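Visitor: Under numbering that gives the first Met the number 0, residues 0 to 350 are what the sequence shown spells out, in order.
No lab work stands behind these hints: they were computed from the structure.
Keep in mind the model is a prediction, meaning the values are calculated, not measured.
One or more of the hints may lead you astray.
Unchecked claim - Keeping only pairs whose Cα atoms sit at most 20 Å apart, straight-line, the calculated SDA-like set for lysine to any residue is: (1) K164 - S9; (2) K164 - Y120; (3) K226 - S54.
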Amino acid sequence: MSQIPSSLESEIKARALSLGFTVCGITTPDTLDFHHMYVNWLERGLNAGMTYLASAYHVSNRLHPEKFFPGLKSIILLGYRYPLQHPAEIEEKTTGLISGYASGKDYHHLIPNLASPLLQYLTALNPEAPAPRVYTDSAPVLERELAVRSGLGWIGRNSCLISPKHGSNLLLAEIFTAIALQADPPFAADHCGSCMRCVESCPTGCILPERVIDANRCLSYHNIENKGMIPPEVMEKFGGWIFGCEICQMVCPWNQRGYQSSSSIGIAGQMTVEEMLEFLELSMDDFKSRFAETALARARYNGLKRNVIIRLANLGEKNALGSIKRTEDTAELDWLRDTARWARNKIQLKK
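Go ahead and model the full structure; you've got the sequences and the hints to work with.
Guide: Spelled out as structure tokens, the structure:
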């Protein structure tokens with residue numbers, strides 16, 4: 000016999016978990032304490048080329064989320080677990096690694112669809128109120144602070160939210176609602192202790208002491224968000240990654256049960272050398288038809304091609320020279336031609 004929820008808040012959480020979400024918590028849209036840290040991060044230029052994050056829209060709405068949802072009373076936080084690469088893959092010598100959240104269905108579509116029945120339930124509770132909305136990496140929200148305030152976990156040294164039960168490999172989503180709900184107590188503990196595994200394992204040293212990331216040095220920034228030439232000193236440290244980087248999570252003691260966990264997203268992906276060589280021959284139309292429904296599309300055709308070229312160059316894969324030379328000769332983008340030239344020289348110099 001199933002347990003009957005004792006309150007509306009319990010009912011909401013039970014419904015969220017039944018839909019497939021891993022965790023659920025509730026908080027309020029009060030003044031956000033971490034906003035000054037966000038502004039300081041911007042002032043120091045740690046957002047690298049993501050200049051849009053410094054716009055008035057992004058800065059103001061992160062402090063006052065009610066600006067883009069008038070009548071906001073409560074925020075429901077949802078966490079959805081995704082698979083991680085295994086730590087053994089850090090030293091992987093032959094494949095191109097893809098972050099677990101990007102290996103299957105695009106979470107930007109998966110999570111809103113998953114949450115849809117919960118939104119319908121909330122709407123039915125108060126049909127006259129503004130319809131609830133769900134966001135997942137799609138609105139200017141300080142979601143990690145909201146997750147801490149809703150009791151889901153703490154912000155770890157690697158800057159990720161860490162759940163004591165589920166680790167840090169959680170995609171976060173928020174439901175904004177005009178229904179006044181009882182907030183959960185915030186998560187007050189910090190369980191990182193003296194552990195420095197994430198900091199010590201980061202290949203580029205992008206994790207700063209104040210638990211923020213310097214995007215200028217972050218592999219995930221460069222192989223996803225950077226739409227230009229990647230500094231050679233960063234390309235040299237790409238390791239096995241062609242999309243994203245999870246090293247700071249892979250080594251975290253709180254994630255030891257998170258590798259290749261079951262998920263609608265799939266399992267953490269890889270490309271073999273043969274698949275990477277094949278990728279270099281794909282047309283843009285081929286790319287769109289194959290990857291349009293995945294988060295890999297965020298890197299775009301030329302960005303992912305650049306990443307694959309870098310990986311093959313770091314492998315010293317001489318079978319890639321023909322495709323790389325064609326890219327160097329025919330690519331319309333200067334930075335892609337320059338990347339191909341760097342890669343060709345690196346492969347040719349490698350014994």
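Visitor: Mind checking the alpha carbons of K164 and S9 for me, to see if they're no more than 20 Å apart?
Guide: holds, 19 Å
Visitor: Between the alpha carbons of K164 and Y120, is the straight-line distance 20 Å or under?
Guide: Between K164 and Y120 the Cα gap is close to 27 Å, so the pair fails against 20 Å, i.e. violated.
Visitor: Is K226 within 20 Å of S54, Cα to Cα?
Guide: holds, 19 Å
Violated hint: 2 only; the structure is consistent with all others.
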